[in-house]
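Trainee: With the hints as a guide, bring the two chains together.
Single-letter residue listing:
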Amino acid sequence: MTETQKVRFYQTGTHTVGNRLMEAESRTVQASPERSNAITSGHRACQGCGEALGARYALDAAMRATGGRMVAVNATGCLEVFTTPYPETSWQVAWLHSLFGNAPAVATGVAAALRVTGQHDVRVVAQGGDGGTTDIGFGCLSGLFERNDDVLYICYDNEAYMNTGVQRSSATPAFARTATTPATGPHPGNVAGTGKNLPRIAMAHEIPYVGTASVADLHDLEAKVTRAMAIGGARYIHIHVPCPLGWGAAAHDTIRLARLAVESGLFPLIEAEHGEVTAVKPIRRRVPVEDYLRPQKRFAHLFRPGHEDRATLAAIQATADANIRRYGLCPEGQE
Amino acid sequence: MTDAPKPFAITLDPGSSRANHTGSWRSERPVYVDRLPPCNAQCPAGENIQGWLYHAESGDYAAAWQVLMQDNPLPAVMGRVCYHSCEGACNRATLDEAVSIHAVERFLGDYALDHGLRPQVAAPPSGRRVLVVGAGPSGLSAAYHLTRLGHAVTIREAGPMAGGMMRFGIPRYRLPRDVLDAEIARILSLGVTLELNSKVADIEAAFAEGFDAIFTAVGAHLAKRTEIPAHAAGRILDAAGFLARVEMGEAPQLGRRVIVYGGGNTAMDVARTVKRLGADDAMVVYRRSRAQMPAHAFEADEAEDEGVMMHWLRTITAVDGAAVTVEKMVIDATGRPQPTGEFEVLKADTLILALGQDADTGFLARVPGVEVAPDGVVGVDARMMTGRPGLFAGGDMVPAERTVTVAVGHGKKAARHIDAWLRGGALDAPERHAPATFERLNTWYYDDAPRSLQAELALVRRQTGFDEVVQGLTEATALYEARRCLSCGNCFECDNCFGVCPDNAVIKLGPGNRFRIDYDYCKGCGLCAAECPCGAIEMVPEIG
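These protein sequence lines map, in sequence, to chains A and B. When you line the first sequence up against my numbering, it's residues 1 to 335, in that order. When you line the second sequence up against my numbering, it's residues 336 to 879, in that order.
Here chain B stands alone, though its shape is the one from the complex (with noise of 0.2 Å):
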């Protein structure tokens, strides 16, 4: 080139315009960031459900399983029985129908279960014993976690059978028990030791035994009483104890009608369940509205399907052999039930009371520095460590909502707080990226979709038998249903950063290194940003 002659009235040679660094034009930078997406902010289990789902996408269930597991080692009970408040956050909702993040979930616990996927385990071990008590959702999520952190575990459980509230307070109509089975044997089998019928009575004398660290799990199981004069005993029970004997093949005799009272999850449970028993009325009372039930509107709505009757505003005031009397209640303008003088007889064979349970840690009561509640309730810090320092607690029994989801997570907070703690340290936790909110998001980007529906078993198999309810997602379904995830605050390589930059100054690094912005060329115009559909570039001023 530059031997040949040049044209006439030429005397430069030409140039790329790359020697022009228009870098220095930019008064803002555009900076890739990850932000917290509100189901990962809102799981009670701390997982990562914009990262599962990211993978799921994609079709490679091993992988989105994995990052499921490293939260959660239960996905194919909780994609069943969570109450999913990561779909109530969901900003997909806001554009059409949140995610059904539930059902993506159990698809995968399945497809695990199906295929004998295995969590990956790397910690060597670590020489310290951990002792859990109680083998509910909480203690074998702390098992499990305690095991991949490279402790030794012990589980000792009061009961015949593992499972807690998952086997004893859950109806196997939500949870069929071969997948908790499968659940909790792929926990075991990592080489976690469990004792059944091993009810632990003295902590002190556990740690005596060379624990170096103690989780107690033990839920809350005595049930709450109220005052019903019964003139002529009829035949109460409580919901525990109903559907733990249900569950051991030991059921009671109930008679034609069944009153549960309460207006809970539980009270739901029993109530189907009574129905399922062959009850032919099975009614719940409840002495407030509709409204105002703790149970959620899908589990109500379900136990209606089935034929469940229910007394909304009304207490039962007395039990009179097989007559239940019942006073009329008003919500008053605090939302308070008040008595209205105006009496009700129902029939009742049974009545089952479903008012809740209190913690039984009497147990703990002893052990200096640990702080009991008059309900049972125990006291715990931050790291879920109690009074008595290295005896953790979680589950029902410290102060917090009574889920599995709950659970599960506090098994997974108590044990990354007992390891920090055995290694002599405080845990690291990485700080919280800022929210991924609706507002940061592209929306022009994403098409409609509308949320896929499972399928439900027939009513009349519903009313006679304990077969589960609600069905799993085609392989197709929850492909479709993960793909409906909009990856906010996070990178899912799009390439419209990309392709928006009018000065080619982003660079593409290929699948799974997402994205660089040539800062040379970058004039900061923020197209990238304000294009970008997830949210995940930031403008930031530049200094000086």
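Same shape as in the complex, but just chain A (with noise of 0.2 Å):
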């Protein structure tokens, strides 16, 4: 054992990105100067793009966990797009794309590329954003599922298809509008169906790993991470990451919004092996979710001044109110 420490009090606790007074190990990827920056500077982003920041988070983490034996491979998207302007590359990784759909297929032929070849130590990541994920390429990912193909996938969900002009996908939450979802006539905004859960989908494949995690929560997720490397297998690592230009909100919120939506619940953090959850992040200080709501212009038809839409505010809030229930995020009964 270590020498135990006679302060376990940090005034930041863990929560910021570093801390001068905490041990060089204990702090985050991120705090490093020595971190991969697997997207450097230059990029094309919008100011304060959630994705470019989640996406770093993520590889930089992986980096660090293979030693920088690691290859990505990336769908179509936003992510590719403002990365890659011909001639131009912001990756500082090994990376590699080829279409909207295939990424997991992709990913899947490089792995047997390197176990063929006898590279047994370079691992894959696969990424993409929620359509090539949840829409676009969902068939290739269950097969990779079923499979059990040794790659990690994530998702960087922004909730629509924003790099093509804020179209709706599959993962658009219910009332959200979008360009191709206004917020018109009597139901206004996205169909408020029964939405596609792409982390309880990856559980059903009963996969070594699932995980959910948030640009809200650095320490969460690079933990995340970092043990989706350290197993073999599928495994799949659903990251919420806002979108200042397809949400209508302030670039400089981008983390708020991130922050509110796991507080009031709509975005629950959890971690399951083998179609089992296995732990959850409790909700530090819990918020309606008209908090997270009200500053999205996607959402501001249910806010008009003297209409306040209070039928769909409920049912929003139901949604929040049922994951806190299923998967036990306030433990101290602190409804």
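Derived from the structure by calculation, the hints contain no laboratory data. Glycine is no exception: its CB is placed at the ideal position from the N, C-alpha and C atoms. Don't take each hint at face value.
To spell it out: a stretch of chain A is covered by chain B in this simulated footprint if at least three of its residues, at any positions, have a beta carbon under 8 Å from a beta carbon of chain B; those stretches are [what the hints assert, rightly or not]:
hint, stretch
1, 26-38
2, 189-203
3, 220-226
Okay, the calculated beta carbon distance ranges per label pair [as the list claims (entries may be wrong)]:
hint, chain 1, residue 1, chain 2, residue 2, range
4, A, A230, B, A354, 45 to 55 Å
5, A, A174, B, S624, 54 to 64 Å
6, B, E774, A, A204, 37 to 47 Å
7, B, E774, A, R286, 40 to 50 Å
8, B, D783, A, D291, 11 to 21 Å
9, A, L96, B, A354, 45 to 55 Å
10, B, G847, A, K196, 48 to 58 Å
11, B, P770, A, A204, 46 to 56 Å
12, A, G248, B, D783, 31 to 41 Å
13, B, R353, A, A179, 44 to 54 Å
14, B, P770, A, P87, 28 to 38 Å
Mentor: Okay, structure coming up:
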């Protein structure tokens, strides 16, 4: 055992990125000037892009976990477009892009090629946005899962097709306005269907590891990527990455919105192994869903002055409450 | 790379996106700022509280103490007797509870005494001589700061011991004398000359001796009186005189029952001292209610804990031997006490008047240009200088709140202005930073952490002796308490800005050197400013 420290309290807890009072190895990957910076400066992502941040967080953690022996495969989407306008690249990792819908299949192929060429220490990470993952690449991804190929697939979920002009995806939340679900008519915004919860679909495949993470909780995100890289087989991490452009939010609110999504219960942070939930991240300061929805213009139709859509807000709150119940996110009964 | 044949249809070499300077997108730029934490803004002694807590957080108590000593030469005293208005201003109070600043200050003060730490003195001798009149907190503070600025200082004290009200006004159960003596000795050891039993009566004569400037801080010792018809004079004492006699080991006979008249901190100190001297009943009589008393609530609480009996809303109307007649009062709509015509008789062997003190500044009345108010208070300008050039004044004898902390602050302020005056210029005070308000913090990043409590001496020992009542923090608790500081408005290198920038446009400069924005790539999204826990980043519009 290492020697115990007498005082375990660090003014900022373990919530900040780093902390001069903590041992260097207890700090995050992002606190280190030696981090890989998987996506370097000069990329074309919008101001305050949650996906640029989430992808760097995840890949830097994976790079540390693998000692840099890693290949990243990318689906088409914002992440691919803003990092690689020909002939420039922002990637500082081995990186491969093929098509919109085939990233899981390409990753399977890369893993197989590494295996047959004897490069057993090189790991494969595939990544895409919610469109490339939950819609277009869904079949390939399900195949990757059921074959238990040795790939970590990361979905950066910004809840619509942002790159092409904010069209609805199957990850777009109910009632949200997008270019294809305008806020008009008797049922404005996206349809309130049954939703498509990909982490739960991944769990249904009973793959070795499923995790959800948020750009608002770096420590949790890095721990999950590190955990995923420590095991073999098919693994899936779903990261919530707010999009200032598509959500109609201020660029400086990206992390705040991600935090509010977690704290309202709309985006639960969980881990599952072989189909069973193994850990949940409790909510620290619970907030009503309104706090999360109100700053976003895609939900502005719920907050028209004098015509607040209480019924819809109650329905969204019920979704959050159901998540909190399902995963036990408020352990002390702080309803 | 360039020699290798290019794959089909590739005509350009791959380049890095770093060629694309996205800084041109920016309409606002993040700028690191230092803002004034509310504790620092509040401190009458002008301490850089957040600055010394920063060092205490890492366990570097010596460095913390050195920062503390830049403003206050009496931290072990101050950590005990200061009323810590800093804690009333502390932003952490909005989150959970204020940081126990005074307890950490006391820990650092005691740590320095235990380890024999010495303040850093750097200035070369100026060749100038300054006389300080009065060895109370203000005079000692001025002497210390003037010495650090290179001047030769002599203190003349009318009394037999240095310390002023710290010794003769504050009982030793609040301020043990070994602590006071050690901190005074440390100031003197810097080369300050102390002349005891040496009353200065003639300022001009002192100037004629060759002093280039004089700082007077003689305090306020003259007890205020009130008209009480005394048919057969009972035993009536004044608070300041009583406390001084107790300190000198000449405690007067009090009898079994003692009334203290007044509702200030001094009244509480006197009542608690009376209790310790063995009186059966120590009573406080005050004409207003508890809500209006000038004493701090904790002082009244501690007095009550020790068995002091409070008679609120009473004025003394007559004393006849052991019979003290009091009239009940009511507070009217304007908050003033009004008589009711109802009377009570209390039994007391001794009555001690704790009605405040006036300054004994008659010796300044003859100095041309010096303004002396009827109550003895002396007028000073913003530099703490009186109307007589070169004659400065501070502490209880000038218009201000009368506390040790204010006095120490006056001593520092006067010393800096005296230094500037001696060098023939005006003090070039740095501009105050804008306030670090609670609204600018991102408190998400701070953990909940309740304040540590200081242990208190067992009640029976408090009622029978003069041992210190409030105990100090242990090292582990002091470290914990220091780490509760939110570092309002001042970067503490948490790496948040470095981590949350989507464009890698924050450069980490290493321990102690903070960060720098790379404006070639910063798009001005403002995430660093929004996620800075302590509000040390500001977004500034780009011009043009």
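Trainee: If you check each hint against the structure, which ones fail?
Mentor: 2, 3, 4, 7, 9, 13 and 14
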